[in-house]
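One letter stands for each residue in the lines below.
Protein chains: 2
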Amino acid sequence: MSADLRLEELAARLSPGALVTDADVVGAHSSDKALFCPTGTALGLVRAAAVDDVVAVMRFATEHRIPVVTQGARTGLSGAANAVDGALLINVAKMDSVLDIDEVEQTCRVQPGVINQDLKNVLAERGLSYPPDPGSVAISTIGGNVATNAGGMCCVKYGVTKDYVRALTVVLADGTVTKLGRQTAKGVAGLDLAALFVGSEGTLGVIVEITLALRPLLTPPLTGVAVFPDMESAGHTVSAFMASGAAPSMLELMDGATVAMINDYGDFGLPDGAGALLLVQSDAAGPTAVAELEAFQTIAEAQGAAEVFFSDDPADSEMFVAARRAVSPAMERYVGAHGGGELIDDVCIPRSRLGEFFARLSEIDARYDVEVATAGHAGDGNMHPSVLFDASDEESIAAAKAAFAEIMALGLELGGTITGEHGVGYLKRDWLVRELDEGARLLQTRIKESVDPLGLLNPGKMLG
Amino acid sequence: MSADLRLEELAARLSPGALVTDADVVGAHSSDKALFCPTGTALGLVRAAAVDDVVAVMRFATEHRIPVVTQGARTGLSGAANAVDGALLINVAKMDSVLDIDEVEQTCRVQPGVINQDLKNVLAERGLSYPPDPGSVAISTIGGNVATNAGGMCCVKYGVTKDYVRALTVVLADGTVTKLGRQTAKGVAGLDLAALFVGSEGTLGVIVEITLALRPLLTPPLTGVAVFPDMESAGHTVSAFMASGAAPSMLELMDGATVAMINDYGDFGLPDGAGALLLVQSDAAGPTAVAELEAFQTIAEAQGAAEVFFSDDPADSEMFVAARRAVSPAMERYVGAHGGGELIDDVCIPRSRLGEFFARLSEIDARYDVEVATAGHAGDGNMHPSVLFDASDEESIAAAKAAFAEIMALGLELGGTITGEHGVGYLKRDWLVRELDEGARLLQTRIKESVDPLGLLNPGKMLG
Numbered sequence: 037m038s039a040d041l042r043l044e045e046l047a048a049r050l051s052p053g054a055l056v057t058d059a060d061v062v063g064a065h066s067s068d069k070a071l072f073c074p075t076g077t078a079l080g081l082v083r084a085a086a087v088d089d090v091v092a093v094m095r096f097a098t099e100h101r102i103p104v105v106t107q108g109a110r111t112g113l114s115g116a117a118n119a120v121d122g123a124l125l126i127n128v129a130k131m132d133s134v135l136d137i138d139e140v141e142q143t144c145r146v147q148p149g150v151i152n153q154d155l156k157n158v159l160a161e162r163g164l165s166y167p168p169d170p171g172s173v174a175i176s177t178i179g180g181n182v183a184t185n186a187g188g189m190c191c192v193k194y195g196v197t198k199d200y201v202r203a204l205t206v207v208l209a210d211g212t213v214t215k216l217g218r219q220t221a222k223g224v225a226g227l228d229l230a231a232l233f234v235g236s237e238g239t240l241g242v243i244v245e246i247t248l249a250l251r252p253l254l255t256p257p258l259t260g261v262a263v264f265p266d267m268e269s270a271g272h273t274v275s276a277f278m279a280s281g282a283a284p285s286m287l288e289l290m291d292g293a294t295v296a297m298i299n300d301y302g303d304f305g306l307p308d309g310a311g312a313l314l315l316v317q318s319d320a321a322g323p324t325a326v327a328e329l330e331a332f333q334t335i336a337e338a339q340g341a342a343e344v345f346f347s348d349d350p351a352d353s354e355m356f357v358a359a360r361r362a363v364s365p366a367m368e369r370y371v372g373a374h375g376g377g378e379l380i381d382d383v384c385i386p387r388s389r390l391g392e393f394f395a396r397l398s399e400i401d402a403r404y405d406v407e408v409a410t411a412g413h414a415g416d417g418n419m420h421p422s423v424l425f426d427a428s429d430e431e432s433i434a435a436a437k438a439a440f441a442e443i444m445a446l447g448l449e450l451g452g453t454i455t456g457e458h459g460v461g462y463l464k465r466d467w468l469v470r471e472l473d474e475g476a477r478l479l480q481t482r483i484k485e486s487v488d489p490l491g492l493l494n495p496g497k498m499l500g
Numbered sequence: 037m038s039a040d041l042r043l044e045e046l047a048a049r050l051s052p053g054a055l056v057t058d059a060d061v062v063g064a065h066s067s068d069k070a071l072f073c074p075t076g077t078a079l080g081l082v083r084a085a086a087v088d089d090v091v092a093v094m095r096f097a098t099e100h101r102i103p104v105v106t107q108g109a110r111t112g113l114s115g116a117a118n119a120v121d122g123a124l125l126i127n128v129a130k131m132d133s134v135l136d137i138d139e140v141e142q143t144c145r146v147q148p149g150v151i152n153q154d155l156k157n158v159l160a161e162r163g164l165s166y167p168p169d170p171g172s173v174a175i176s177t178i179g180g181n182v183a184t185n186a187g188g189m190c191c192v193k194y195g196v197t198k199d200y201v202r203a204l205t206v207v208l209a210d211g212t213v214t215k216l217g218r219q220t221a222k223g224v225a226g227l228d229l230a231a232l233f234v235g236s237e238g239t240l241g242v243i244v245e246i247t248l249a250l251r252p253l254l255t256p257p258l259t260g261v262a263v264f265p266d267m268e269s270a271g272h273t274v275s276a277f278m279a280s281g282a283a284p285s286m287l288e289l290m291d292g293a294t295v296a297m298i299n300d301y302g303d304f305g306l307p308d309g310a311g312a313l314l315l316v317q318s319d320a321a322g323p324t325a326v327a328e329l330e331a332f333q334t335i336a337e338a339q340g341a342a343e344v345f346f347s348d349d350p351a352d353s354e355m356f357v358a359a360r361r362a363v364s365p366a367m368e369r370y371v372g373a374h375g376g377g378e379l380i381d382d383v384c385i386p387r388s389r390l391g392e393f394f395a396r397l398s399e400i401d402a403r404y405d406v407e408v409a410t411a412g413h414a415g416d417g418n419m420h421p422s423v424l425f426d427a428s429d430e431e432s433i434a435a436a437k438a439a440f441a442e443i444m445a446l447g448l449e450l451g452g453t454i455t456g457e458h459g460v461g462y463l464k465r466d467w468l469v470r471e472l473d474e475g476a477r478l479l480q481t482r483i484k485e486s487v488d489p490l491g492l493l494n495p496g497k498m499l500g
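In the order they appear, the protein sequences are chains S and F. FYI, in my numbering the residues of the first sequence are 37 to 500. FYI, in my numbering the residues of the second sequence are 37 to 500.
Simulated from the structure, these hints should not be mistaken for lab results. Honestly, I wouldn't trust all of these hints.
Note that the list lumps identical chains together, so a pair holds whenever it fits in one copy or between two copies.
Claimed, not checked - Straight-line C-alpha distance at most 20 Å; calculated DMTMM-like pairs for lysine to aspartate or glutamate:
| id | residue 1 | residue 2 |
| --- | --- | --- |
| 1 | Lys130 | Asp88 |
| 2 | Lys215 | Glu245 |
| 3 | Lys215 | Glu474 |
| 4 | Lys156 | Asp199 |
None of the values given here were measured: they were computed from a predicted structure.
Required output: the full structure, derived from the provided sequences and hints.
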């Protein structure tokens with residue numbers, strides 16, 4: 037049977053119009069936001085409108101041994117959603133309903149295509165919040181957030197996506213629909229397979245429904261800004277502040293290059309000429325927030341901060357958070373204006389090693405003669421050094437790739453991980469084997485094979 | 037080779053004196069605190085002094101196809117630590133060192149045999165806390181807590197054990213030592229196998245080291261007590277209070293029978309004659325705690341509470357928590373005095389269904405003519421109805437078992453789980469298959485087989 041005939045057979049089993057084989061449309065859906073990752077040629081794109089569409093695709097894929105790549109908004113940074121040769125792409129972005137909000141249980145059930153910020157907005161009207169806030173919060177889907185265990189700025193106090201996932205409905209490789217996890221606050225009935233599927237990057241099944249734990253609406257935070265002469269003093273401030281027993285609701289770091297790009301991009305009230313800048317928030321109740329920011333100020337000044345100020349005006353808080361969120365577009369504009377590109381790294385290290393990390397990062401920067409601009413979730417030790425390069429210059433690209441790799445090696449050397457929140461995908465699959473020991477690698481492979489024995493789900497990603 | 041010769045060979049590979057074959061000692065280590073669970077006859081007991089002992093046992097077990105049961109303090113309530121015929125018992129209680137406390141990262145590394153309360157005490161001296169507080173907090177080990185994903189009273193605000201596990205070192209069935217998870221606050225490098233091992237009840241590997249996330253020392257809470265005429269009004273109070281956006285740090289419920297047993301056991305300041313009683317705590321900063329307890333009072337009174345009082349005296353708080361912790365010994369004394377036993381159930385349901393749950397529980401109670409005393413973590417919907425029986429009367433035992441099963445069925449019917457925090461073990465393995473759908477059962481089995489292909493690790497438990 038020819039490929040065309042087979043796809044006609046699939047189309048007949050799907051919601052009307054769900055299958056798209058137009059090469060331009062399929063091509064436009066064949067990559068996420070990662071650079072330097074292979075993009076295969078897919079057979080077709082299925083815009084799933086319902087669980088039945090996903091079931092039909094997986095049954096068909098199993099019958100015909102066709103690989104399947106699941107996608108949401110394709111905002112990922114590791115190539116996990118990139119097409120594989122001969123694969124079917126399942127895009128679940130249209131499955132975007134909020135199915136249920138339970139104010140007593142403080143949970144919601146959603147389809148995977150709901151945009152994170154849209155969910156936050158709906159929940160806020162009901163006095164509830166879903167804290168995880170990846171940089172892509174305005175454009176990424178909850179399904180993608182679950183598939184990558186997305187993080188963000190809230191994590192230093194409120195944790196990551198996996199801390200909010202109670203239950204998942206998934207479609208397995210053979211089309212079986214199964215419920216994993218539990219709807220309740222606690223539950224220990226069997227192996228925790230919902231936890232296993234969080235962060236599995238589409239390699240174990242297709243997530244079609246998610247039950248999330250929620251929190252009461254968070255208190256509006258106080259926001260502080262500290263300006264430092266260099267990254268080391270900012271890093272030491274983070275270590276000392278966290279060791280003091282502080283529980284900030286945000287603790288973000290930007291280097292001087294990043295601050296300059298933001299100030300070039302727009303006026304967010306950030307000072308010029310900073311060597312490094314920390315943004316801190318406390319949403320502790322009442323006077324405790326003020327006390328936390330005062331403690332931060334004392335520590336920052338002792339570490340050499342040139343200036344520390346804070347505000348209880350919500351407008352200021354929003355502006356500073358907007359400044360942090362502007363890192364990505366500001367950097368894009370900067371590299372775009374210079375005909376270049378940026379490789380965004382994502383290491384997470386113990387926060388006691390931040391000072392050392394920045395010193396070593398400067399050495400990498402110098403050794404490869406590349407420009408590195410760094411921002412990140414300092415409170416978690418999760419740093420995003422962006423290696424900038426000239427896209428028209430092969431040597432510049434090679435140097436950027438080498439520096440990018442050295443940053444991961446440095447992360448591992450300091451007791452950290454090659455990826456704090458962006459995932460492995462294609463981009464870091466050669467590095468995953470360096471992070472995991474032999475036993476863990478074997479376990480990962482065995483478990484993948486036991487769940488997806490034909491190897492149909494996102495082949496070549498993560499586990500290689 | 038005879039069994040004796042084989043064991044001599046094992047002894048030679050272990051720390052001196054680690055292997056015990058004395059039948060009385062082995063017998064005394066062959067069960068945990070569960071009732072009505074089979075207890076097999078083990079070949080021997082290995083009191084592991086180091087990781088090498090565990091490795092030696094697993095290699096030996098693999099060579100000779102000998103089942104292995106891992107134990108800590110054997111305080112579990114599901115029979116998961118019970119001996120299996122022909123098995124080796126590995127007891128890790130002697131591996132009880134706190135290896136490292138990192139105040140900057142807010143983590144610690146511990147061996148599995150550390151007692152939960154001992155760890156809390158050591159951490160408190162460093163201004164840190166490890167919140168999970170199962171009823172067995174004073175006697176159970178962190179390793180056991182991880183193996184069962186233990187909960188407790190803190191969970192309504194601070195979550196369960198899995199929320200604190202960053203990394204595990206485990207010995208696999210073939211003796212391979214591997215590190216799972218990550219030391220850092222965030223990390224998404226590969227499948228989350230540390231999460232898979234939490235709550236796996238010794239069926240996937242032997243946990244020999246644990247890295248836990250910690251929190252700054254918690255604020256001393258305010259404590260409130262509300263006395264109700266019946267369980268339904270207490271249940272409705274829980275639903276309404278949680279729906280109001282409250283974030284109590286404790287919300288515990290006891291029925292009248294339980295309160296009477298506690299008052300018979302000691303003076304903890306609880307009123308006599310209550311139909312039901314809620315204990316609530318808030319550890320929110322400053323005046324917010326008072327506001328939370330005042331809101332609780334208003335809701336409780338609207339639901340018919342006869343009396344509500346609260347105190348900011350730490351001594352009162354400790355006394356009320358001690359009262360809650362006295363449920364277990366008070367009930368033991370009560371049933372002991374009546375020549376009886378108690379089957380402690382552990383369902384978790386959506387908290388909006390608590391009122392319905394209590395009404396239906398009364399029906400079960402009446403139908404089987406058994407006495408049921410109920411306490412539990414109402415804020416999580418995690419209830420522990422204890423079915424009391426006359427141990428000398430087969431009919432009473434049979435009725436208790438039937439009522440116990442009906443309580444699980446009721447939990448499932450109300451959208452909950454057969455076990456919120458005690459685990460499956462032997463006790464609930466026939467019920468696990470009712471909770472999981474066919475796809476999930478198959479996945480559980482396949483994953484177990486992929487990790488432990490010879491089926492040596494705690495065979496017959498959990499997955500049957």
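Cross-check of the supplied hints:
In the homo-oligomer, the alpha carbons of Lys130 and Asp88 lie at most 20 Å apart inside one protomer (13 Å), although the nearest pairing across protomers, at 53 Å, exceeds that limit. For a Cα distance limit of 20 Å, the shortest separation of Lys215 from Glu245 inside one copy, 9 Å, qualifies, whereas the shortest one across copies, 31 Å, does not. For the homomeric pair Lys215 and Glu474, the shortest alpha-carbon distance between copies (9 Å) is at most 20 Å, but the shortest distance inside one copy (31 Å) is not. When the C-alpha separation of Lys156 and Asp199 is checked against a cutoff of 20 Å, the pair qualifies only within one copy, where the shortest distance is 16 Å, while the shortest distance between copies is 23 Å.
Taken one by one, the earlier hints all hold for this structure without exception.
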